[in-house]
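**Q** The listed protein sequences derive, respectively, from chains L and W.
Under numbering that gives the first Met the number 0, the first residue of the first sequence carries the number 0, and numbering increases by one thereafter.
Under numbering that gives the first Met the number 0, the first residue of the second sequence carries the number 0, and numbering increases by one thereafter.
Mixed in with the good hints, there may be bad ones.
[Stated by the list, open to error] Partial list, derived from the structure: chain L residues whose beta carbon lies under 10 Å from chain W:
(1) S205
(2) N212
(3) R217
(4) T266
(5) Y300
(6) A312
(7) R326
(8) R330
(9) N333
(10) R336
Bear in mind the hints are in silico, worked out from the structure with no lab data behind them.
We put the CB at the ideal spot given by N, CA and C, even for glycine.
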Amino acid sequence: MTTGSDAKVVITQPAAPVAEDGGSWLTYVGHGLPWVAAIAYYFLAPSDLTFGTQIMCWILFAISLDLVLGYAGIVTLGHAAFFGIGAYAAGIFSIHVCGDPVLGHLAAIAVAALAGLITGAMILHTTGVTLLMLTLVIVSAIFEYANKARWLTGGDDGLQGMKVNPLFGVFEFDLYGNTAYVYTLVVLFIWFLIAWRLVHSPFGRSLDGIRQNPRRMRAIGTPVWWRLLAMYTISAAIAGSAGALSAHSTRFVGLEVLSLLTSGIVTVALILGGTRRLYGAFVGAIVYFTVQDWTAKISPYAWEFVVGIMLIATVLFLEGGLMDLGRVARRLANRFRKPTGAT
Amino acid sequence: MSEQPALSIRDLNKCFGALIVAQSIDVDLMKGARVGLIGPNGAGKTTFVNLLTGFVKADSGTIHLEGMPIEKMAPETRVKHGLARTHQINALLRENTMRDNVAIAIAEREGYAWRMMRFGRQWRYCCNEAQALLEEMGIGDSGARIVRELSYGQQRLLEIAIALALKPRVLLLDEPAAGVPSHEAHRIHDALEQLPAEMAILIIEHDMEVIFRFAREIIVLLQGRVLTRGEPAKIAADPEVRAVYLGRTMV
């Protein structure tokens, strides 16, 4: 896992449908940037790796939300259900079955995917506000169950006593979070590649069509419900993976992973960064948690205010989230350049 | 009757509450048929298409597509069996290019649309075929343009192109020329002329010029019932039809 190989794998992917013409080398640099930054962070901020790990978990969570909300157009506020289920599954697995992080991680992915499949089958024939309400109901019901089932989840005290064995039996999950950071980065990278392939595949194209016009898609023979269900399940698996990573790195699962606030935060982070780009998840999560971290140091009440202002400004002025800043900047630059070019 | 009809409809009924929109309709579309469906606004023409394609469920009656009963199938399954339609009001992917709109339909037809991890070769195949189809219809130049930037006439042609990309055996055209400005109308007419000869086609159209040029049989619908049917010349001469629908403009 080196800087060079990471960047190379990314740039050989086909160009995004929304890719702008012109900035070719800039685009390649852009593809490599998050991974270079993540590796640089490891060396530059060795004392803050836990923070970096948490951000990467949220990035992965936001990517999973982007797949359903951004690409497939499934309006949901219940995605915390899968993040939380993944976290609890990983935690409970480590306590009752075995402490191997990879096995626990795979179990968490499986459980979250199953939850996505079952709940998705129940709700995906609806759209709009009905769908939104149903996702809220599901996440609330799961939250309440986790709250009541103290024997399993520890209730509102949280799940304690997680055992996490060394990764592959070699790399200890140390106090400084070195192992957790690298492990999370690798998992994030793998999921990112999968998500990238997915949204640029014919399957992804058809989901993009469903988001735009389900009626059109049915008229060309698309089994809309099945295709949404497939994407929902995959997304739930990724969200569960993010939850498992979070649980393994902190060795604790709090009840709030299943709360509406968790759904809200990931939605805000994604919209802040920009939907339907995958990279919007990176920008949004990083900006959200960095701003939260900084402003919370100034005043514990200020951060929500600052994040709120940022979100309002983004939604009002940058239709595609912070990821649109580059395009806006380029448009402004062109406006300045044009008169000189014409003369 | 020796030859099996491509689409055979028997005793089709549908009510929305007290409103009867289809009442014991019998229609046979033979291979290569060109049937025009006319009638005043609210006669149930579009509903009839929706009933055939499954977007609206019929109360009773049978629909056979080349001998296969399809009345219980979901719309997407009917499409897979060779029944395609166009929409009276454009139903296009407005953020995508014209070519992608057609290519997505081709991917669906070929069963590529479940491929999650592969993109290149199959998608390129779909795009090439889409471009070829658009060129055949004379709109290949605009293939790379985003749909919402296209003229209305081009969007109407794209509706037809998407339906043709599915290679249907039965095609239902719901007012293909509706709202197209006169300087673009001839392109729709040309496209209709060029439709594959063996395809069974039902066309709804208010433009009598189009209907009488294109259709070899005309069915007149009134309040969900078949008022009369027959060759264009007979329909044009029918005093009852002229009274309820054709009015003064017909000779």
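**Q** Each hint should be assessed against the structure and marked as holding or not.
**A** Checked hints:
1. At its closest, the beta carbon of S205/L sits 4 Å from a beta carbon of chain W; the interface hint therefore holds under the 10 Å criterion.
2. Checking N212/L against chain W by beta carbon gives a least distance of about 6 Å; that is within 10 Å, so the hint holds.
3. Hint status for R217/L: holds, given a least beta-carbon distance of 5 Å to chain W, under 10 Å.
4. Annotation: interface hint on T266/L violated; nearest CB of chain W at approximately 22 Å, more than 10 Å.
5. The beta carbon of Y300/L comes no nearer than 41 Å to any beta carbon in chain W, farther than 10 Å, and the hint placing it at the interface is violated.
6. Residue-level restraint check for A312/L is violated (minimum Cβ-Cβ distance to chain W is 25 Å; threshold 10 Å).
7. Given hint, R326/L at the interface with chain W, is violated; its Cβ is 16 Å from that chain's nearest Cβ, farther than 10 Å.
8. Proximity of R330/L to chain W is violated relative to the hint, the smallest CB-CB distance being about 18 Å (cut-off 10 Å).
9. Violation of the interface hint for N333/L is found here, the shortest Cβ-Cβ separation to chain W being roughly 20 Å, above the 10 Å cut-off.
10. The interface hint given for R336/L is broken, as the beta carbon of that residue sits about 25 Å from the closest beta carbon of chain W, more than 10 Å.
In this structure, the hints that do not hold are numbers 4, 5, 6, 7, 8, 9 and 10, in rising order.
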